[in-house]
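Q: Residues per chain, in single letters:
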Amino acid sequence: MLIKSIQRELLLSMRRPADLLNPLVFFVLVVSLFPLGISPSDEVLKEIAPGVIWVAALLSTLLSMEVMFRNDFEDGSLEQMSISPQPFLVLVGGKIVGQWLVSGLPLVLMSPVLAVMLALSEEGIKAMFISLLLGTPILSLLGSIGAGLTIGLKKGGALIAILILPLYIPVLILGTHMIIAAEQGVSYSGDVLWLAAILALSISLAPFATTESVRIALSDG
Amino acid sequence: MLDVKNLYCERNQGLLFEALSFSLKPGKVIQIKGPNGAGKTTLLRILCGLFGEFEGEVLWDLEKHPIYLGHKAGVKDLLTVTENLNWLCELQQNYPSSDQIKKALIEVGLLAYKDVMAGQLSEGQKKRVSLARLYLINSPVWLLDEPFSAIDVEGLTKLEERMRGYVEGGGSIILTSHQMVNIDQDVTELLLKGANSC
Numbered sequence: 001m002l003i004k005s006i007q008r009e010l011l012l013s014m015r016r017p018a019d020l021l022n023p024l025v026f027f028v029l030v031v032s033l034f035p036l037g038i039s040p041s042d043e044v045l046k047e048i049a050p051g052v053i054w055v056a057a058l059l060s061t062l063l064s065m066e067v068m069f070r071n072d073f074e075d076g077s078l079e080q081m082s083i084s085p086q087p088f089l090v091l092v093g094g095k096i097v098g099q100w101l102v103s104g105l106p107l108v109l110m111s112p113v114l115a116v117m118l119a120l121s122e123e124g125i126k127a128m129f130i131s132l133l134l135g136t137p138i139l140s141l142l143g144s145i146g147a148g149l150t151i152g153l154k155k156g157g158a159l160i161a162i163l164i165l166p167l168y169i170p171v172l173i174l175g176t177h178m179i180i181a182a183e184q185g186v187s188y189s190g191d192v193l194w195l196a197a198i199l200a201l202s203i204s205l206a207p208f209a210t211t212e213s214v215r216i217a218l219s220d221g
Numbered sequence: 001m002l003d004v005k006n007l008y009c010e011r012n013q014g015l016l017f018e019a020l021s022f023s024l025k026p027g028k029v030i031q032i033k034g035p036n037g038a039g040k041t042t043l044l045r046i047l048c049g050l051f052g053e054f055e056g057e058v059l060w061d062l063e064k065h066p067i068y069l070g071h072k073a074g075v076k077d078l079l080t081v082t083e084n085l086n087w088l089c090e091l092q093q094n095y096p097s098s099d100q101i102k103k104a105l106i107e108v109g110l111l112a113y114k115d116v117m118a119g120q121l122s123e124g125q126k127k128r129v130s131l132a133r134l135y136l137i138n139s140p141v142w143l144l145d146e147p148f149s150a151i152d153v154e155g156l157t158k159l160e161e162r163m164r165g166y167v168e169g170g171g172s173i174i175l176t177s178h179q180m181v182n183i184d185q186d187v188t189e190l191l192l193k194g195a196n197s198c
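As they're listed, the protein sequences go chains C and V. Here the first sequence is numbered in the working numbering, starting from 1 and rising by one per residue. Here the second sequence is numbered in the working numbering, starting from 1 and rising by one per residue.
Isolated chain C, as found in the complex (with noise of 0.2 Å):
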């Protein structure tokens, strides 16, 4: 049923390319800006160039959330999921994966090129990848708790963002750091191990936070 689950985000999501691109469009355009706003010295790119992916990462992921449960809301999918005899945590676990599918792998595989116009390294991109590689799936998996939360309203957007934002940091902190190390020329391995715990963490925890915050918000539905 996951795998079902995910064919048919997936199904969905093909048919509406737009949702697709969005996120991907931002996070280019986002950080094609920069070289074009501050400079286009090697020196100040290399500085800016974590921060940037990373921000341009977090905020793409945020775009993407708040139309994660909305649709399947609304035509009453949803509540058809939460009561079926099928697990509802399997159910909501497939749409997580199908939305990491979508909007966070092509971002990470689109991240290269984009790294190579910010001249970082060939060891910077290599760290790059590995943090976007496991961190965008811990920014899905929180941001779907906020998802469920916010279904209800009319204009989720915001406060996904107040809410989720906070939880988004260490994964921001740790995700630059690496690249920042590896610039220079030291070891990241303790990053890498961070970011793959607080990835372990999210997969055993959020998905039973966001079945949760779905039934609370289907509830009021």
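Simulated from the structure, these hints should not be mistaken for laboratory data. Honestly, I wouldn't trust all of these hints.
Stated by the list, open to error - Each computed DSS-like pair below joins lysine-lysine, with the alpha-carbon atoms no more than 25 Å apart:
no.: 1; chain 1: C; residue 1: K4; chain 2: V; residue 2: K102
no.: 2; chain 1: V; residue 1: K72; chain 2: C; residue 2: K4
no.: 3; chain 1: V; residue 1: K25; chain 2: V; residue 2: K64
no.: 4; chain 1: C; residue 1: K4; chain 2: V; residue 2: K103
no.: 5; chain 1: C; residue 1: K154; chain 2: V; residue 2: K72
no.: 6; chain 1: V; residue 1: K64; chain 2: C; residue 2: K4
With the hints as your guide, set chain V onto chain C.
A: Okay, now just chain V, sitting in the frame of chain C:
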């Protein structure tokens, strides 16, 4: 199969119902009646577990899950009629063959639309997609919230016919409707007075 004891629920500072008790037996139909805002939908949502802010007991004794039809059809605009129906059945742990789906779509008069995106259907047609589950899923209880709204006369006759057959076969139905239900069966009426009393 269902025992409701001493149900008490208030919503938006208004008392919806208190000391509400009833039970449902196989082959029986309960029609929940009452003015708008009396809590008919809320009662159904409590029964199927969507709404939890109540006091009292709701005891189900079932081997399979009920089918719930809410105000929202649960039909996705971006999936075709067949895909929608497949998904809704899978949610109920039913895995119908394409032949069975076809038959159900004939019953609800949507065969011509089987590969059409549900987004292009009218409200009534979407409801019919959701109602097609009644021909596919083997469930002991149906919980239907306004099943007749947005359905045309022909569809209504079909639906009543299906309900009649289902109840004769031992199925039970709880439904809300303002209309008379014509299924040659004893229909127990459950009247909710609503919040006006206080």
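Q: It remains to establish, for every hint, whether it holds in the given structure.
A: Okay, the hints, checked on the actual structure:
1. Restraint check for C/K4 and V/K102: the C-alpha separation of about 21 Å stays at or below 25 Å, so the hint holds.
2. With a CA separation close to 22 Å, the supplied pair V/K72 and C/K4 stays within the 25 Å bound.
3. Among the hinted pairs, V/K25 with V/K64 is consistent with the structure: their alpha-carbon atoms are about 15 Å apart, no more than 25 Å.
4. Between C/K4 and V/K103, the direct Cα distance comes to roughly 24 Å. Compliance with the 25 Å bound is thereby established for this hinted pair.
5. For the given pair, C/K154 sits about 17 Å from V/K72 by alpha-carbon distance, which is consistent with the 25 Å threshold.
6. This hinted pair checks out: V/K64 and C/K4 have alpha carbons roughly 21 Å apart, not beyond 25 Å.
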